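Colleague: So you can see what is in the structure, the chains are spelled out below.
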Amino acid sequence: MKLGSISRSDLAALLFSGKFRVRIGPFCIRLQSDNVDVTDLIRQLYCDYQLEAPAGISDYHLRLSRPRMLRRFYRPQIRFVTDGYSPFAPFPVDHAFPLFEWGLNWCVATYSHQFLMLHSAVVEKNGRALLLPAWPGSGKSTLCAALVHRGWRLLSDEFGLLRPGSNALIPFPRCIPLKNESIEVMRDFAPEAISGPVFTKTRKGSVAHLKAPAESVRRSTEPAVPRFVVFPRYMPGKQADLKPLPKARAFMKLAGNAFNYELLSESGFQTVASLIHSCSSFLFHYGDLDRAVQVMDSLVE
Amino acid sequence: MKQPIRWKVVAPDALVWEHLGDESVLFDRRSGQTHLLPQISVECLALMQDQAMDLEQLCERLEVRSHPAFENEACEQIDQLLRTLNDLGLTVAVSE
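So the protein sequences, as listed, match chains A and B.
Residue 288 in this note's numbering sits at position 241 of the first sequence, and the numbers go up by one each step.
Residue 74 in this note's numbering sits at position 17 of the second sequence, and the numbers go up by one each step.
Careful: at least some of the hints might be erroneous.
As the list claims (entries may be wrong) - Just some of the chain B residues that point at chain A, by a computed CB distance under 10 Å:
#1 Pro69
#2 Val73
#3 Glu75
#4 His76
#5 Ser81
#6 Val82
#7 Thr91
#8 Leu93
#9 Glu113
#10 Cys116
Stated by the list, open to error - Covered stretches of chain A (in silico footprint by chain B; criterion: 3 or more residues with CB under 8 Å from a CB of chain B, positions within the stretch not fixed):
#11 228-241
#12 313-323
Unchecked claim - Pair by pair, the computed Cβ-Cβ distance ranges are:
#13 B:Gly78 to A:Glu348: 24 to 30 Å
#14 A:Pro293 to B:Gln134: 17 to 23 Å
#15 B:Lys65 to A:Lys226: 24 to 30 Å
#16 B:Gly78 to A:Thr268: 53 to 59 Å
#17 A:Val347 to B:Asp144: 58 to 64 Å
#18 A:Gln161 to B:Ala71: 21 to 27 Å
#19 B:Asp144 to A:Arg265: 34 to 40 Å
#20 B:Gly78 to A:Gly284: 46 to 52 Å
Just so you know, the hints here were simulated from the structure itself, not pulled from any lab data.
All figures in this text were calculated on a predicted structure; none of them were measured in a lab.
No residue lacks a Cβ here, since even glycine has one placed at the ideal position from N, Cα and C.
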């Protein structure tokens, strides 16, 4: 059953009771929360995802809870808890949704070692997947958001997931968190895109979550074949410039920004090697989003 | 007279290679480290895999002395490379 097909009150009841379980790509997430903003934003931004039956094995057990004592009333806060452990300091209560998103990222990056996890956006078109590995601030999410609003399928904005020994990218489509200037840029670029409210003064500045396209969510059990690795970098005023990158250099850059390459040891090495062998790699500097999309389109046409 | 240092690959079975064009990446099972190596390093390690070699022997085998004008410079670079490979834990000096 799709999450969007149940009423708001039923969703709130599931969340409140801790019986809310949702399938997001390869993961089943259980979430408990009594926060009304979280309820509303999950309803808005996760409406295309499949609800799972209340009983069953979940990959992650998440809870958003209000601290006891004074912080319930004075500048109220909210805590992210997973398996009884709270990895972050509490957030202001009105940042509950970004906390959920970051908390889920933290769980996946910290525990999902059944996958090689590349820190990369992944999109696909015409059966060819494109990895956009990059560090924060490089324009990865903005470019990813632009591509998925120009016909590319979203596999993930944050995680390039591969099972060790496999060369298939596993979809994990979720909201794309746009930050600061990117929020306005995407509003102009894709006015039809659905996004949540702008959360100001977060640890990463202003953040707004762009909904994953319904078609990408629907196809979230379909792996994709990697064909291109493009290291993007947004440079204001710069002409689009796509330069081939030698495979060995691409290997080191890709491994260097993976979440768990060292931990997976030789199987991580073999998996990155297989990926690099099957892809053409590039450095990409861009200053204009329309032109950047054209260049990426030209790779797969 | 002081004998020249002879070098040998520490544990050839622990090294996993991927040759990617002009460069290679090497995974060392013992340290868990990955190294990006130019072709000359690959050739050096291949030569030192089965037998210990000193700088003189390596330069000879690598034919870096094909042009007399570059002879010293090339051998200095190989010498530096040998020390780097040793610092990375890929080679060891042997005494016999």
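Colleague: Indicate, hint by hint, whether the structure satisfies it.
Modeller: Verification of the hints:
1. Annotation: interface hint on Pro69 of chain B violated; nearest CB of chain A at approximately 15 Å, more than 10 Å.
2. Proximity of Val73 of chain B to chain A holds as hinted, the smallest CB-CB distance being about 6 Å (cut-off 10 Å).
3. Of the supplied interface hints, the one on Glu75 of chain B holds, with its beta-carbon coming within about 4 Å of a beta-carbon of chain A, less than 10 Å.
4. This hint holds: His76 of chain B has a C-beta 9 Å from the nearest C-beta of chain A, less than the 10 Å allowed.
5. Given the 10 Å rule on beta carbons, the hint for Ser81 of chain B holds: about 6 Å separates it from the nearest Cβ of chain A.
6. Contact between Val82 of chain B and chain A, as hinted, is supported at the beta carbon level, the nearest pair being about 5 Å apart and thus within 10 Å.
7. Interface restraint check: Thr91 of chain B against chain A, minimum CB-CB distance 6 Å, threshold 10 Å, status holds.
8. Checking Leu93 of chain B against chain A: minimum C-beta separation of about 5 Å stays under 10 Å; hint holds.
9. Annotation: interface hint on Glu113 of chain B violated; nearest CB of chain A at approximately 30 Å, more than 10 Å.
10. With a least beta-carbon distance of about 25 Å to chain A, the hint placing Cys116 of chain B at the interface is violated under the 10 Å criterion.
11. Look at the region 228-241 of chain A against chain B: 0 of its residues bring a Cβ nearer than 8 Å to a Cβ of that chain, fewer than three, so the hint is violated.
12. Proximity of the region 313-323 of chain A to chain B, defined as three or more residues with a beta carbon under 8 Å from a beta carbon of that chain, is established by the 5 residues found.
13. A C-beta distance of roughly 26 Å is found between Gly78 of chain B and Glu348 of chain A, which places it inside the suggested range of 24 to 30 Å.
14. Between Pro293 of chain A and Gln134 of chain B the beta carbons are some 21 Å apart, a value that agrees with the proposed interval 17 to 23 Å.
15. Distance hint check for Lys65 of chain B and Lys226 of chain A: the Cβ-Cβ separation is about 52 Å, which falls outside the suggested range of 24 to 30 Å.
16. A hinted range of 53 to 59 Å is violated for the C-beta pair Gly78 of chain B and Thr268 of chain A, which are about 35 Å apart.
17. The hint said 58 to 64 Å for the Cβ distance between Val347 of chain A and Asp144 of chain B, and at roughly 43 Å that hint is violated.
18. The supplied range of 21 to 27 Å is met by Gln161 of chain A and Ala71 of chain B, whose beta-carbon atoms lie about 25 Å from each other.
19. Taken as a hint, the range 34 to 40 Å is violated for the pair Asp144 of chain B and Arg265 of chain A, whose Cβ atoms sit roughly 53 Å apart.
20. A hinted range of 46 to 52 Å is violated for the C-beta pair Gly78 of chain B and Gly284 of chain A, which are about 33 Å apart.
Hints 1, 9, 10, 11, 15, 16, 17, 19 and 20, counting from the list given before, are not met by this structure.
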